[in-house]
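Here the protein sequences line up with chains U, G and Z, keeping their order. For the first sequence, this note's numbering gives the first residue as 1, with consecutive numbering after it. For the second sequence, this note's numbering gives the first residue as 1, with consecutive numbering after it. For the third sequence, this note's numbering gives the first residue as 1, with consecutive numbering after it.
Just so you know, not all the hints are guaranteed correct.
Selected chain Z positions facing chain G (Cβ under 10 angstroms, derived; list incomplete) [as the list claims (entries may be wrong)]:
{"#": "1", "residue": "Leu96"}
{"#": "2", "residue": "His103"}
{"#": "3", "residue": "Gly232"}
{"#": "4", "residue": "Thr236"}
FYI, nobody ran anything at the bench for these hints, they're computed from the structure. Where a beta carbon is used, it is the ideal one built from N, C-alpha and C, also for glycine.
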Amino acid sequence: MNAPARGSTLQRIAALALLISLCASVGFAVAYSTTESAQLQGLALGVALAGLAVAFSIWGTSLVAQEQVVDQREMASPDWERRTAAAELEAGTHQIGRRHLLSRLLGAALGVFGVAALFPIRSLGPNPNPQLFKTKWTPGARLVREDGKPVRAGELEVGSIVTIFPEGFVGDASSQALLLRLAPGTLHATPDRADWSPQGYVVFSKVCTHAGCPVGLYRQSTQELLCPCHQSTFNLAEQAKPISGPATRALPQLPIRIAENGYLRAQSDFHEPVGPGFWERGG
Amino acid sequence: MIFVLGLLSLVVYALGVRAHDARHRRPISRWQIAFFAAGVTVVAVVLSPPIDALADASFTAHMAQHLALTMLAAPLILLGAPLRLALTAPPPRIARPIARALRNRLVVILTAPVLAWLAFVGVMWTTHLSGLYEAALEHEAVHIGEHALFLATALLFWYPIVGIGPTTHPFGHFARLLYVLLVMPQTAFLGLAIYQSRHVLYPHYLAARNPFGISALADQQAAGESMWIAGSLIMFVALLLVAADWARNDSRLAARIDTRLEAVPLGGSLLLSLAIAAIFAPSAASAQAASNATQVREGRNLYELRCSSCHGIHLRGSPIAPPLLGVGAATVDFWLETGRMPAMVPANVQAMHEPPQFSLEEINALVAYVTATSPGGPVIPIVANFGPGNLVRGRAIYAANCQACHGAMGQGGSVGYGYIAPPLYAASVTQVAEAIRTGPGPMPRFGPSVLSQSDLDAVVHYVNVLQTQQADPGGFNLANLGPVAEGFVAWVFGLGALVGVIRLIGSNA
Amino acid sequence: MIAKLMLWLDDRLGTSSFTSRAFRKAFPDHWSFMLGEIALYSFASLLATGIFLGLLFDASDTHQIYHGPYAPLVGVSVSGAYASTMRISFETQAGLMIRQIHHWSALLFCAAIVTHMARIFFTGAFRKPREINWIIGLTLLLLALGAGFTGYSLPDDLLSGTGLRIAASIAMTIPFVGVWIESLFFGGPFPAPQITGRLFFTHVFLLPSLIVGLIAVHMAILWHQKHTQFRGPERTESNVVGSPLWPNYALKSLGLGFASFAVVVILGGFFQINPIWQYGPYDPSLVASPAQPDWYVGWLDGALRLGLPIAVHIFGHTIPAAFLPGIVFPLVAFTLLYLWPWIERWITKDDRAHNLLDMPRDVPWRTATGAAILAFFLVTTLAASDDVQARLIAIPVETLTRVYQGLGIALPILAWFAVFQLCRELQARAIQRAMKDPRIVEYVRSPEGGFDEQQPTSVT
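Required output: the full structure, derived from the provided sequences and hints.
Structure (structure tokens):
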């Protein structure tokens, strides 16, 4: 290979790259000051950096003498040194360990201190248990939509769906629920829930029982709810029982009734904790 | 001009064959000559003025041109083993410099299979998704450069697969298999991305007069489909042939394969796989209005002719289709205008938005007939003019009711069981409103007491903004696929580029 | 001038004894040894862009009305975190570009760490005396994942907020202490307003300081132990052959560094990433499809999607279905990875120090096992986008889930055997090639008693 000739070509390339980089850096300063386009700014800055990259790479691989150096490895320390270190350690440790009562008490004191020092972690958050078992739904609470307007019977056609909250608690994460109107005969209500869904109006918690995402997708033609996070599917006819995906429990159903003036009201809170499972939840 | 080049290359090749046969005992096989000639012919034909003019006017034709160039002509040319001929035909004083040039470090790096793969895929993606394609359509010089680039990257790409001729990159069977396997999703996804695109990618085609009489968007969809289907098909055939090759050769451990009579079935099948499918949708005719009574009569005639076999006489329904009693004008109008009815797919397959199969006049007639025979149901909603205040409320309503299925930018999404909430880019303002009111297919319905008229105006306005004004200040929006696409780009382009850099500046010892 | 500076330093710190040897330190040149540097430089980019962003970000949950240039959100109540991120993106010069560079650097950082880790694994560089660095490196990976997750959750947008909800739910699946862990980490049951500030503190101080510290130790150990090297002429277990640090290796490394910066800048300028204005501010009752985390958390999300719907009930308590894929799987996988050097020692009974690397094909069982582990993570990562795939290739997502569940079992097994076989084939081919090496000769004895040289004719 003609090394000198090749070297000068590469040198020219490196020089050109640096020149381009220089202009691009100026270009970036200009682009920053005059345009809002991230593309132009990125292009200028990127070319500036790329030019430097090219120059350094060429310099390091071709424009300096390519040589290899050999280092010797130091393996582990020589035997005498290991023995000396072990002996020193032992001599010192022996002096401490010799005093048995003291060292035992020291161990106990440090241990208990360590445990005690962990206690302030408790301050980082409240006791979660009370809130996990109930939502803001109370007996008689009116069902309201996201804009606060209460829902009346007759407002939903069959095949409609609305996200609802208890009145006064719009936006509450654990109380969020779905109000649907099912065609008569669709819902196979179990005997204990016979009066929970008047005129086909039925309410289920919107919090997925798998990992807590809002179950936002409604397949109206097959009467199923789908959660987009991990694709759990809940069958409305069977009281939102999961039929596909990783969820194991049905979406809790909220018992509702139609009040005198047609407003939909809850009969009570959900009969079970909403959302994903946890240790204290039970069967 | 292209003819001259083609003829020249054929002449040079012929001279080479003559020189080779004079010097070697075994002459060049007829198949090899035939492949090369076929490849050059394909290039010449595909780039000839009449085809070029067709490609200028139709995206599908242009796509076919590129597919022929990169997936047909390139492998055919390589099956003619031109490089091997270049080394074995001329006398040593000419062949030696050629061989030296092939061993040049730059050439070695540039012909590395990984680089060839990346170049092929990269050129494919960037030309289609950047302004380059449009620029090529507008400027002949850029267009010629683009074709040269396609042919060059295709030749580099196919070289390791065809595997004939000198190479400094021993490429085993497993690697060849992986090489072809990994490129299959590329053509498929790009074709799909083009197919799914909400607007015409290259404004040039909006202005051009389409020779097949279809809209620019439909032409584009057909082009995307062709790329996806033809590309996948050809690559699949290549995959099968590479696998067959491996099965035949697994007793040999040589890194280079010299004689390629086995190339015969490789090439022959490639020729046979000339399956460039272009699906042309039936064209939609223009719209006219008609008076009411005649409309109803016309509607009844149409209904009995085209619909009653499934939907029953007098809209009563049948075991295979639901009744249309009281469905409302909006429902009928929506299904007909979006081409979902008459059903062209089996009942268990979701119908997607297609060009309508009836003219606007016929649709109005059918609507009139259905509403006259069975009144009731949602009327065709009228969407009022948009005001600025509507946009924020529209977004809020869209976020609360629509984006879970249709995506934050209206790009569509899967809703399980094979159903898809379609992208919203193709629907007209009225069709969006109709869909909201009638809840077609798996979509829930939102009546006037769930979404008031002003709510409807607002959300339709917002959808219209999504269709027409999506600004992506950050750059390529990666089809709005979110972190999935971002991760892919980071690995393939980000880490890929940097691994390329360290391969260059590091050593291999 | 620099020479003067070096003398100035030596007067005060006695540096010349170090630098005289450091400048000639050998750094092996193989390209795969530079993967870790890609990670290092991506991290440098994260620090640089992160300082810019951290000075402009408002880590507050207090809601305000948005009044910026993005029309569809004007008048909407958003948190300070979201509003400040919008300000950075739309109202700060070069803000969007720098924000995007930062996020692309994070994706590249994790990708480079994983690739580097794979190289270490497949060449056996984790063996004695480098187990400490293996532990540190693996910890750096986990810290990087944590930094990424906390980082993209900072803007309080709908997509990342959904991810936080899932993280809280996964924490809650832990038996006995799950709900407490969730409450202590988040400051209350989800959604707790304290989380915004905690994410900021974690992402901007806790994790970066740990990462910087561990990188420093990682490189100090590397410096002290010297780099490993592949077998080759004049390379032994007790030496290391390579380019001198100054000027050769330093120049090449700088070249790579600037190339890394160039790549993330080009990505940041031309490829939109995490467009939070599209997702909108976080609202616990809203969700959008598709819903995926950043790629480096994808394996966890995919595992959750593939998880079987089986919950365990014992004595009136529940272990939810998400516990297995969400907690047990990562715990087992990472414990396995942490313990790998000792697992391998137990299998191979090899207690010696190794400074020469294996060619992956020379240790087929280890390479195959690594391939199987990677295959499993690949399946779970791909499964995270199963609904996107369902939409694009028109196969029902339920079918894809079954396919990935099957692949999760079949692919690692298939990969193990396929890669094992491939290694064997590569080994055989290498031997064949070596047989053709002109420096290798066979001596054959003739019947008359003389010896003749010849090229080897067979593999045996």
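Hints versus structure:
1. Leu96: Result: holds, 6 angstroms to nearest chain G Cβ.
2. His103: 8 angstroms, holds
3. Gly232: With a minimum Cβ separation of about 6 angstroms from chain G (threshold 10 angstroms), the hint on Gly232 (chain Z) holds.
4. Thr236: Given a least distance of 15 angstroms, the restraint on Thr236 (chain Z) is violated.
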